[in-house]
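**Student:** Using the hints, position chain B against chain A.
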Amino acid sequence: MESGLKPLGKEKLWLWLMLTPTLIGLVFGIVGSILATLGLSFTHWDLLTPPRWAGLENYKVLFTDPKLIKALVNTITFSLLYVPAVVVASLAVAMLMNRKIKGLSIFRTIYFLPAVTSAVATAIVWNMIYGQDHGLLNWVLGRIGIAGVSWLSTKNVLSALIIVNVWGAIGEGMIIFLAGLTTIPKDYYEAATLDGANRRKQFWKITLPLITPSIFFQTLMSTINAFQAYDYIYMLTRRGQGDSTFPVMVYSIYRNAWTFFNYGGASAQAIELSLFVVALMAFYFWLEKRYVFYD
Amino acid sequence: MKRTLIMVLLVLVLAFTACTAPAAPVQAPEQASTEKVKLTFSAWGAPEELAVWKEIVNDFQAKYPNITVNVEVGDWDAYWDKIKTQLAANTAPDIFAMDAPLYLDYQTRGVLLNLQPFVDANPDMMKDIYPQTLEAYKTADGYYGLPRDFNTIVLFYNKDMFDKAKVAYPTVDWTWDDLREAAKKLTLDTNGDGKIDQYGYTFDQWDMEPGWSEALWSYGGEIVNAERTKTLIGEPQAREAWQMLYDMVFKDKSCPDANQVAELGGDPFTAGRAAMNAMGHWAVPGYVGAGFQFDAAPMPKGPAGHATSVNSAGFVVAKTTKYPKESFEFIKYVLSPDAQGKLAKLGFAVPVLKSVAESDTFLKQEGSTLIQQVFLDSLEFAHMKPVFRGYDEWAAAVGDGLAPVWNGEAELNATLDEVVKAADAVLAKVK
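Protein chains in written order, with the working numbering: chain A, 1 to 295; chain B, 296 to 726.
One chain only, chain B, in its complex shape:
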């Protein structure tokens, strides 16, 4: 009830935001280094992330005594609702966190500050950043955002289940066929009631990132064309990948369908009900506490070779900030080895600085025997998670559209035809 009220209110809040006149863009004044500056930084994240951000901010403030940074951390949904409202009311935080696929939704609407002049003035800071993670933020007139950390998708596996079933662990040479065979052997009815209690493999049936994009790419398929005008998930090679995933769920029954995933609480791997899972580094802290031995291998090879997905979280500066220079100083600091090392210890992602990612700070993490190198090696064959204006609505057209297939209520090929049409309609609309 309360939630409903809040939603209705959010919808109604538009009333006030609509009335506020847009403020004139503020020119960057030349700041005297002694002037007291107050910055606000907003990000989504868990409470433990807030603690690390506060540490980073303290270090930053020690280095720049005239700047104080106020950190706000909220959960994902609340974060975006708040940022949008604040942007509309011209009260946005100076610096805020950005998810790469959503970046253009903001950049194209003119609410972000162009960081290119600052990047040009600091050419050294970019040298150590993985170029694959910068790609998403490039626009025709430069960077309006920079990556903070990234995630490649890898194949997590439950070692206990592999040992028990006497199946060899996944290797870098695995193909989707190998994965499929192993998944069959790892699918078990442990209590003999005729119902499956342990599945071989599980993947996100809605979101492409820890779900199906890796399969499509490794079969030689594509997601959308370069001009972002056509959805390509219905092309022949992509369909082969879809068919393979579909058969694992409905023919082999080595993957839970959407109803079964929901019944297992939405995450069969953490629940100890699935032996393998396509996932990013953000899941590691959860797996560490789940009470089983696990490790990671690269995603399997398809007919077109190895493929996986890379996506980053980054930050942007609001166009309305009074302190562009200081805001950039903060970003620069978070991209320093000190701050990146602190973020790496959180274990939610991989640092974007090569020097930190390839050091023991990231590779040897406390309380984990996970082979971290896999996340770095996967960059070599990683495709960027597509970034375009209207991404959320397009992803909903695809994800919602395919949901009946994964519920076992619709036929794959005919549904794909429909989904491509709906997704293309979104692309045409948001252009």
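Extracted from the complex, chain A is given alone in its bound form:
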């Protein structure tokens, strides 16, 4: 990545001065916390009595406790389906919104609305849509002669959750892709039309290569979001106090620490989650060098 403007002389001093508050926050808040979490992951700690050394025990548990394994598997499966779905869906919507049509701003607002609506409130609405006996979706399916299913049962819950989460993320993705699409000079398309390239060809040969930076950014952000996804999921799948038919990592970490007094184990889980994200980021940046074009 390159930046067109570089700070000169005295500006450099001001640059660092202005960044200091943020950097202090980052170093002490984030780096400090990460190091502490790493340290705590090698201890048994209940928050109220001093930590006891645990060695690798908390990490061993990650591979043996069926509940922790389930949370990890759920998070990974969810991410594998969610990330490509969000990127494709928000690109498609962005392309639709990148035309001169009547009421464009209304459509853009509609697609962006989920991003600014309370996840708890929307999850309650989705609960009504997904209901088995009195749900809207099954009612519509019934009208066209398809037997309804229990959308939030263990068997179907993954697809139901992907739909809600993708729906909720399209708005933000759309903004990213719209920004990317508007940077493509119109002349490219005019020249291509003159040369007889059809729309499909224009998409594959012009649009797609030129918005690879947006795709890269959106994939990166969606991956981070996928590994942290929790609000819609918990609201739609919760059972009794803290239980869920689709437990994911973030909530498992929270529950392990704050409900079960197991801060050491939760720290090990947090490190595990971070390692997955870091590994994926490394992979993405490796891909970026090869496939992302900056003009």
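Just so you know, these hints were derived from the structure itself, not from any lab. By construction, the Cβ of each residue, glycine as well, lies at the ideal position given by its N, Cα and C atoms. Some hints could be false.
Unchecked claim - The calculated SDA-like cross-link candidates involving lysine to any residue, where the alpha carbons are at most 20 Å apart (straight line), are: (1) A:Lys155 - B:Thr710; (2) A:Lys155 - A:Pro50; (3) A:Lys155 - B:Ala705; (4) A:Lys70 - B:Thr710; (5) B:Lys637 - B:Leu658; (6) B:Lys716 - A:Pro66; (7) B:Lys724 - A:Lys6; (8) B:Lys333 - B:Thr363; (9) A:Lys67 - B:Lys716; (10) B:Lys724 - A:Thr43; (11) A:Lys67 - B:Ala705; (12) B:Lys548 - A:Asp133; (13) B:Lys546 - A:Asp133; (14) A:Lys67 - B:Gly696; (15) B:Lys726 - A:Leu47; (16) A:Lys67 - A:Ser153; (17) B:Lys331 - B:Phe683; (18) A:Lys155 - B:Asn702; (19) B:Lys459 - B:Leu658; (20) B:Lys724 - A:Pro66; (21) B:Lys548 - B:Gly560; (22) B:Lys726 - A:Thr49; (23) A:Lys6 - A:Leu19; (24) B:Lys614 - A:Ile206; (25) B:Lys620 - B:Asp436; (26) B:Lys614 - A:Asp133.
What the hints assert, rightly or not - Estimated spans, in silico, between C-beta atoms of each pair: (27) B:Ala460 - A:Val149: 52 to 60 Å; (28) B:Pro426 - A:Ile124: 54 to 62 Å; (29) A:Ile124 - B:Ala416: 48 to 56 Å; (30) B:Glu343 - A:Glu11: 24 to 32 Å; (31) A:Gly148 - B:Gly584: 28 to 36 Å; (32) A:Phe28 - B:Leu345: 52 to 60 Å; (33) A:Tyr59 - B:Ala357: 52 to 60 Å; (34) B:Gly437 - A:Val149: 19 to 27 Å; (35) A:Ile129 - B:Pro632: 48 to 56 Å; (36) A:Leu17 - B:Ala357: 15 to 23 Å; (37) A:Ile124 - B:Asp712: 53 to 61 Å.
**Tutor:** Using the frame of chain A, we list chain B on its own:
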């Protein structure tokens, strides 16, 4: 997103709390009665509870002009996260609310003040408290907490639905069989689309308190052994009770399964979709506003007679408080007839003072025709909701483990075998 961030931050906050050195335990200094004392009291609760606590605090401050009490009220989850963080950082409120089942998780970790010396100095204050509610707070070296109010679980019923179906109201003589028969008659498909619109009975399929402990006890079953080393919910008598509840859900279909409960917003009784519900007094304010006539009867009898659950909310004092004496004065005041009467009017629970519970203050509540006496009568055959270290994790092993059964995706008996194993593993770990 924001919530996730907060959680991640909470996990990371450990960093700072880990670094603070534990303060030396503060010896109770003899306070001159004129010294200005500032206390903090924290509790979970709804906004209307904060208003009542403020009233109680004002009365208390009028009586003890040198003491000011700062009240903090938060919702359940936020409350516990905050208390834990504050305890770890030695900045805990002087007095804070405690739920009896969680009490030992704190008491055994040495963060609570032993109240026994103060209790010994005030023998009269204990005389009027229901002994069943004190049980949970007793330890080998005395009380580290005292109850504030309690809940017995009773059978709530929607009178409108009973009247419409011409079914007789539940009585004190009802057995589980009577309940089952009535529930069948009250399960209706009101719009004729082949789907059930009204269920006869509903109960909490996760939490034992307003859920399944009453059935287990009334069938002669038990939850855990006295030494808290073995989970007994898989023993033969308990299994009979489980089977009865299971059959109501999946054979009679007079109870919604977990998916159906979720579809009805998690609370079919308040939603006006179920005719009967096992519940505690805390639900009454919600039922009053739900727009139907309701009343309460004792939980039904099983082969082993009547049984229900009693649980209390109470308070504890942080070991780090600078003012043990004044903190106890505050507790003592909340356990006075004046303050207990104010709490009783809130309608979330039953006062622990007999003189208040058995007076019109509690028995005749404004805007409610509910028979309050049922909550007191139920004490006679109530079992204490189990209290032990690691309760939350044990309850999760049981509740999460049985969830697939109530979703209709797993077989009852084999799942119970698995659940008992997992729950026993938790008991072994937290010892």
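**Student:** Now tell me if each hint is right for this structure.
**Tutor:** Verification of the supplied hints:
In summary, the hint linking A:Lys155 to B:Thr710 is supported, as the alpha carbons are separated by about 18 Å, within the 20 Å threshold. Among the hinted pairs, A:Lys155 with A:Pro50 is inconsistent with the structure: their alpha-carbon atoms are about 43 Å apart, more than 20 Å. Between A:Lys155 and B:Ala705 the CA atoms are separated by roughly 12 Å; this keeps the pair inside 20 Å, and the hint holds. Between A:Lys70 and B:Thr710 the CA atoms are separated by roughly 17 Å; this keeps the pair inside 20 Å, and the hint holds.
The hinted pair formed by B:Lys637 and B:Leu658 meets the criterion: a straight-line CA distance of about 13 Å does not exceed 20 Å. A C-alpha spacing of about 13 Å is found between B:Lys716 and A:Pro66, which places the hinted pair at or below 20 Å, so the restraint holds. A C-alpha spacing of about 59 Å is found between B:Lys724 and A:Lys6, which places the hinted pair above 20 Å, so the restraint is violated. About 5 Å separates the Cα atoms of B:Lys333 and B:Thr363, which keeps this hinted pair within 20 Å; it holds.
A threshold of 20 Å between alpha carbons decides the hint, and for A:Lys67 with B:Lys716 the separation of about 14 Å falls inside it, so the pair holds. The hinted pair formed by B:Lys724 and A:Thr43 meets the criterion: a straight-line CA distance of about 15 Å does not exceed 20 Å. For the hint pairing A:Lys67 with B:Ala705, the CA-to-CA distance comes to about 17 Å; that is within 20 Å, so the pair holds. With a CA separation close to 13 Å, the supplied pair B:Lys548 and A:Asp133 stays within the 20 Å bound.
Note on B:Lys546 and A:Asp133: the hinted pairing holds, with a Cα-Cα distance of about 18 Å set against a maximum of 20 Å. Between the alpha carbons of A:Lys67 and B:Gly696 the distance comes to roughly 10 Å, so the proposed pair stays at or under 20 Å and holds. With a C-alpha separation of about 17 Å, the suggested pair B:Lys726 and A:Leu47 falls inside the 20 Å cut-off, and the hint holds. Only pairs whose Cα atoms come within 20 Å are accepted, and A:Lys67 paired with A:Ser153 is accepted, the gap being roughly 18 Å.
For a cut-off of 20 Å, the pair hint linking B:Lys331 to B:Phe683 is broken: about 38 Å separates their Cα positions. Between A:Lys155 and B:Asn702 the alpha-carbon distance is near 11 Å, which keeps this suggested pair within the 20 Å criterion. Pair hint B:Lys459 plus B:Leu658 does not hold up; C-alpha atoms about 28 Å apart against a cutoff of 20 Å. A hinted pair counts as satisfied when its Cα atoms are at most 20 Å apart, and B:Lys724 with A:Pro66 qualifies at roughly 16 Å.
The suggested pairing of B:Lys548 with B:Gly560 holds, with an alpha-carbon distance near 18 Å, which does not exceed 20 Å. The straight-line distance between the Cα atoms of B:Lys726 and A:Thr49 is roughly 15 Å, inside the 20 Å bound, and the hint therefore holds. Our distance criterion of 20 Å between C-alpha atoms is met by A:Lys6 and A:Leu19, whose separation comes to about 15 Å. A C-alpha spacing of about 69 Å is found between B:Lys614 and A:Ile206, which places the hinted pair above 20 Å, so the restraint is violated.
Among the hinted pairs, B:Lys620 with B:Asp436 is consistent with the structure: their alpha-carbon atoms are about 19 Å apart, no more than 20 Å. Between B:Lys614 and A:Asp133 the CA atoms are separated by roughly 53 Å; this puts the pair beyond 20 Å, and the hint is violated. For the pair B:Ala460 and A:Val149, the beta carbons lie near 31 Å from each other, so the given range of 52 to 60 Å is not met. For B:Pro426 and A:Ile124, the Cβ-Cβ distance of about 43 Å falls outside the hinted range of 54 to 62 Å, so the restraint is violated.
At about 52 Å, the beta-carbon gap between A:Ile124 and B:Ala416 stays in the expected band of 48 to 56 Å. Distance hint check: the CB atoms of B:Glu343 and A:Glu11 are about 57 Å apart, inconsistent with the given range 24 to 32 Å. At roughly 33 Å, the beta-carbon separation of A:Gly148 and B:Gly584 lies within the given 28 to 36 Å, and the hint holds. Evaluation of the 52 to 60 Å hint for A:Phe28 and B:Leu345 yields a failure: the beta carbon distance comes to about 35 Å.
With their beta carbons about 57 Å apart, A:Tyr59 and B:Ala357 fall inside the hinted range of 52 to 60 Å. Checking the proposed 19 to 27 Å range against B:Gly437 and A:Val149 shows it is violated: the Cβ atoms sit about 57 Å from each other. At about 52 Å, the CB distance of A:Ile129 to B:Pro632 agrees with the hint of 48 to 56 Å. Against the hinted window of 15 to 23 Å, the Cβ-Cβ separation of A:Leu17 and B:Ala357 comes to about 54 Å, which falls outside the hint.
Taking 53 to 61 Å as the suggested C-beta distance range, the pair A:Ile124 and B:Asp712 does not conform, at roughly 36 Å.
In this structure, the earlier hints numbered 2, 7, 17, 19, 24, 26, 27, 28, 30, 32, 34, 36 and 37 are contradicted, and the remaining ones agree with it.
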